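Protein chains: 2
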Amino acid sequence: MNLQFSHRISSLQPSAIREILKVTQDPSVISFAAGNPSPETFPVADMSKIAEDIFTNHSATALQYGVSEGYAPLRELTFNRIKTKYGIGKDFDDLIITSGGQQAIELATKLLVNEGDTILCESPSFVGSLNAFRSYKANLVGVPMDRDGMDMNALEEALKTQPNVKLIYTIPTFQNPSGCTLSIERRRRMLELAEQYDVLILEDNPYFELRYSGEYVPPIKSMDENGRVIYAGSYSKVLSPGIRVGFACAHRNIISKMTVCKQVSDVHTNLFFQMLCAKYLETCDIDAHIETIRKLYSHRMNVMTDAMDAGFAGRATYIKPDGGLFIWCTLPEGSNGMDFCRICGNMKVAAVPGASFSVDESEIVPTFRLNFSLADDDTIRRGIALMSQALDEYLK
Amino acid sequence: MNLQFSHRISSLQPSAIREILKVTQDPSVISFAAGNPSPETFPVADMSKIAEDIFTNHSATALQYGVSEGYAPLRELTFNRIKTKYGIGKDFDDLIITSGGQQAIELATKLLVNEGDTILCESPSFVGSLNAFRSYKANLVGVPMDRDGMDMNALEEALKTQPNVKLIYTIPTFQNPSGCTLSIERRRRMLELAEQYDVLILEDNPYFELRYSGEYVPPIKSMDENGRVIYAGSYSKVLSPGIRVGFACAHRNIISKMTVCKQVSDVHTNLFFQMLCAKYLETCDIDAHIETIRKLYSHRMNVMTDAMDAGFAGRATYIKPDGGLFIWCTLPEGSNGMDFCRICGNMKVAAVPGASFSVDESEIVPTFRLNFSLADDDTIRRGIALMSQALDEYLK
Chain A
431 MNLQFSHRIS SLQPSAIREI LKVTQDPSVI SFAAGNPSPE TFPVADMSKI AEDIFTNHSA
491 TALQYGVSEG YAPLRELTFN RIKTKYGIGK DFDDLIITSG GQQAIELATK LLVNEGDTIL
551 CESPSFVGSL NAFRSYKANL VGVPMDRDGM DMNALEEALK TQPNVKLIYT IPTFQNPSGC
611 TLSIERRRRM LELAEQYDVL ILEDNPYFEL RYSGEYVPPI KSMDENGRVI YAGSYSKVLS
671 PGIRVGFACA HRNIISKMTV CKQVSDVHTN LFFQMLCAKY LETCDIDAHI ETIRKLYSHR
731 MNVMTDAMDA GFAGRATYIK PDGGLFIWCT LPEGSNGMDF CRICGNMKVA AVPGASFSVD
791 ESEIVPTFRL NFSLADDDTI RRGIALMSQA LDEYLK
Chain B
431 MNLQFSHRIS SLQPSAIREI LKVTQDPSVI SFAAGNPSPE TFPVADMSKI AEDIFTNHSA
491 TALQYGVSEG YAPLRELTFN RIKTKYGIGK DFDDLIITSG GQQAIELATK LLVNEGDTIL
551 CESPSFVGSL NAFRSYKANL VGVPMDRDGM DMNALEEALK TQPNVKLIYT IPTFQNPSGC
611 TLSIERRRRM LELAEQYDVL ILEDNPYFEL RYSGEYVPPI KSMDENGRVI YAGSYSKVLS
671 PGIRVGFACA HRNIISKMTV CKQVSDVHTN LFFQMLCAKY LETCDIDAHI ETIRKLYSHR
731 MNVMTDAMDA GFAGRATYIK PDGGLFIWCT LPEGSNGMDF CRICGNMKVA AVPGASFSVD
791 ESEIVPTFRL NFSLADDDTI RRGIALMSQA LDEYLK
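Quick note, the sequences are listed as chains A and B, same order. Throughout the first sequence, residue numbering follows our numbering, covering 431 to 826 in sequence. Throughout the second sequence, residue numbering follows our numbering, covering 431 to 826 in sequence.
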């Protein structure tokens with residue numbers, strides 16, 4: 431049989447990185463590769479109690495079909511929370527519950543991007559989103575960034591020169607993979623440029639509430655007076671990723687069309703856990719819960735950077751982020767992060783090579799990404815010690 | 431702001447039918463419009479017990495990220511069950527867990543269908559799938575059907591004459607909306623034609639296990655020796671639709687690419703309920719459970735057809751199905767099901783006009799669809815009485 435996939439998908443290849451990451455299936459390997467939250471941060475007791483109540487009193491609703499835009503109380507509680515706390519959402523905005531933040535990205539792409547349209551994104555950027563864009567054959571253009579996020583001059587140049595730009599995709603806060611945060615001045619400038627060149631901004635902000643240091647920087651969406659920004663949020667990093675509950679907040683004209691797309695995609699998000707999240711927001715203190723997550727991850731980040739300072743001894747540099755889940759490391763000039771990560775794998779410690787976050791995955795870059803949220807202190811120290819040996823090996 | 435949606439989506443309009451179905455939001459309206467299972471059939475006690483066990487003993491796994499192809503034990507249990515009971519799945523086949531059967535349809539379309547490619551489907555067919563096809567700008571061509579399902583001569587003619595046919599989409603068993611079942615001879619012939627014209631069959635079989643009368647007809651997938659058939663199944667009608675757990679079984683080359691598509695769509699299906707379903711399959715008797723569902727729905731179908739025989743008195747005819755959730759009714763020649771359903775709405779009873787299942791929604795057809803699984807006996811009788819009055823009104 432001659433099996434022909436669609437053009438959009440046949441170009442979507444499993445990457446070389448998957449091979450390297452296969453080592454993480456070996457339980458004896460210490461993995462800093464994933465972006466998993468720590469299970470200690472799942473509010474299991476509260477969730478279990480709420481689940482029991484739903485099974486006892488609301489099962490006929492929770493197990494039945496729901497509406498595609500999401501469980502009304504969860505939409506309302508989520509909207510109220512981001513509006514009150516962070517100034518997100520104007521009168522023209524609406525909110526849809528999605529199956530994780532990833533689905534918000536995918537639906538927005540399906541809704542807005544024709545084959546060949548350009549999406550401008552940070553370089554490097556999150557591979558899950560890049561692949562969603564690729565799966566609709568978008569023309570992906572990476573914009574260079576520094577410690578303060580995407581370079582606005584380079585962004586303007588790209589807006590001027592690239593054909594049919596539809597979206598600026600940004601993870602402005604504790605970016606994945608770089609850990610960098612877009613400065614407030616640049617956020618304002620990005621909005622101005624979006625207005626000037628008549629494009630939309632897709633603001634992907636899953637790590638936003640995990641700040642460990644530095645000053646609060648408001649979401650771009652909170653400055654959006656004209657419905658230019660589609661905001662993607664998630665309960666994955668503050669409650670649980672396995673439940674797949676996220677959301678998008680955008681102009682109601684966009685949300686209503688995203689709802690049509692969601693209906694044909696999965697009808698609606700698991701209703702039981704939408705109800706559970708709503709009840710959690712209503713009856714528990716999510717802000718206090720997030721505070722405990724912040725403390726844990728901030729501590730783990732420090733354990734990791736202390737270990738890196740001792741073991742890497744400047745041979746690999748890194749940017750210490752103000753929050754999020756990741757540390758972005760750079761090997762000496764001319765290095766290949768892919769080769770280094772392969773050596774790490776052999777030494778039973780896993781990191782993600784920087785190339786997997788490149789618009790062009792075959793690019794040779796001297797970077798790699800470490801996650802610090804999942805492993806405990808001792809495992810972090812042992813892993814970084816192994817990685818320091820891998821560094822000896824790679825640089826010898 | 432000049433908001434431009436993608437070509438694929440701008441053609442996807444909210445239909446006129448949505449207006450008619452708005453009456454169902456009024457709680458005083460008796461609705462035969464939805465396709466909802468009865469909440470009485472949700473195995474709440476078993477699910478609740480399993481959920482408690484998962485929270486107590488497996489929360490670190492259940493609330494964490496999972497793999498895109500689905501929770502391994504659920505994949506295995508599902509595959510074993512459909513293989514053992516129904517002969518589905520050869521050595522070359524694999525299985526992916528999807529967020530409901532709908533996602534299996536959407537992923538298969540994204541994976542296989544280029545803009546303008548043809549999908550052949552029964553006319554009428556399920557609007558959720560038709561909209562998924564439309565959302566990728568497929569060329570939708572309806573093939574006429576009768577009591578034995580899709581007309582094979584008409585199918586061959588379409589295969590000969592339509593450009594770039596990629597898929598034959600069929601709901602072979604207790605079809606939505608017609609209730610008809612594709613005969614075994616036609617199933618064999620459909621497979622032959624798929625081989626001859628080198629196209630794939632997308633077999634959507636969510637109602638398959640809800641048979642109330644007539645002889646068992648094996649799934650097309652069970653006759654598939656060459657990986658021609660993508661089989662979409664669902665736990666929505668036998669456990670709960672709100673949990674959004676379905677699956678696709680197809681050649682491993684297709685499943686591996688669907689997994690890439692799923693990864694960019696929602697990463698994975700709610701892991702907690704994947705684990706819950708696995709444990710349910712392992713420790714409970716799903717076949718006995720399905721037997722109780724069959725008894726309940728068979729009874730309700732008879733209550734409805736008895737009431738129709740008395741109230742409609744031949745003025746609207748129907749085909750009594752051997753299973754499933756729906757009865758397909760036909761008004762006298764020249765009637766417009768849309769007008770009739772509007773009158774029904776005014777009389778506080780809701781049905782879905784046949785046009786919503788047409789490839790061309792503006793088509794004037796004398797049909798409407800009734801659901802019998804949700805309402806209790808008394809409500810069914812009162813609803814059909816109201817509908818009989820609507821018939822008086824419409825035909826006067």
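Hints may be right or wrong, so weigh each one.
Where chains are identical, the list cannot tell them apart; a pair therefore holds if satisfied intra-copy or between any two copies.
Unchecked claim - Derived SDA-like pairs (lysine to any residue); straight-line CA-CA distance at most 20 Å:
no., residue 1, residue 2
1, Lys778, Glu645
2, Lys452, Phe522
3, Lys725, Val497
4, Lys515, Asp715
5, Lys567, Glu587
6, Lys590, Ala475
7, Lys479, Val690
8, Lys520, Ala584
9, Lys479, Ser489
10, Lys725, Thr760
11, Lys590, Met431
12, Lys778, Glu586
Hints in this document: simulated from the structure, not taken from any laboratory. No experiment lies behind these values; they were computed from the predicted model shown.
Quick rundown of the hints versus the structure:
no. : hint               : result
1   : Lys778 with Glu645 : neither (37 Å within a copy, 57 Å between copies)
2   : Lys452 with Phe522 : neither (46 Å within a copy, 23 Å between copies)
3   : Lys725 with Val497 : neither (37 Å within a copy, 28 Å between copies)
4   : Lys515 with Asp715 : within (14 Å within a copy, 48 Å between copies)
5   : Lys567 with Glu587 : neither (22 Å within a copy, 33 Å between copies)
6   : Lys590 with Ala475 : neither (53 Å within a copy, 61 Å between copies)
7   : Lys479 with Val690 : neither (34 Å within a copy, 35 Å between copies)
8   : Lys520 with Ala584 : neither (30 Å within a copy, 53 Å between copies)
9   : Lys479 with Ser489 : both (14 Å within a copy, 13 Å between copies)
10  : Lys725 with Thr760 : neither (26 Å within a copy, 65 Å between copies)
11  : Lys590 with Met431 : between (46 Å within a copy, 19 Å between copies)
12  : Lys778 with Glu586 : neither (43 Å within a copy, 57 Å between copies)
In this structure, the earlier hints numbered 1, 2, 3, 5, 6, 7, 8, 10, 12 are contradicted, and the remaining ones agree with it.
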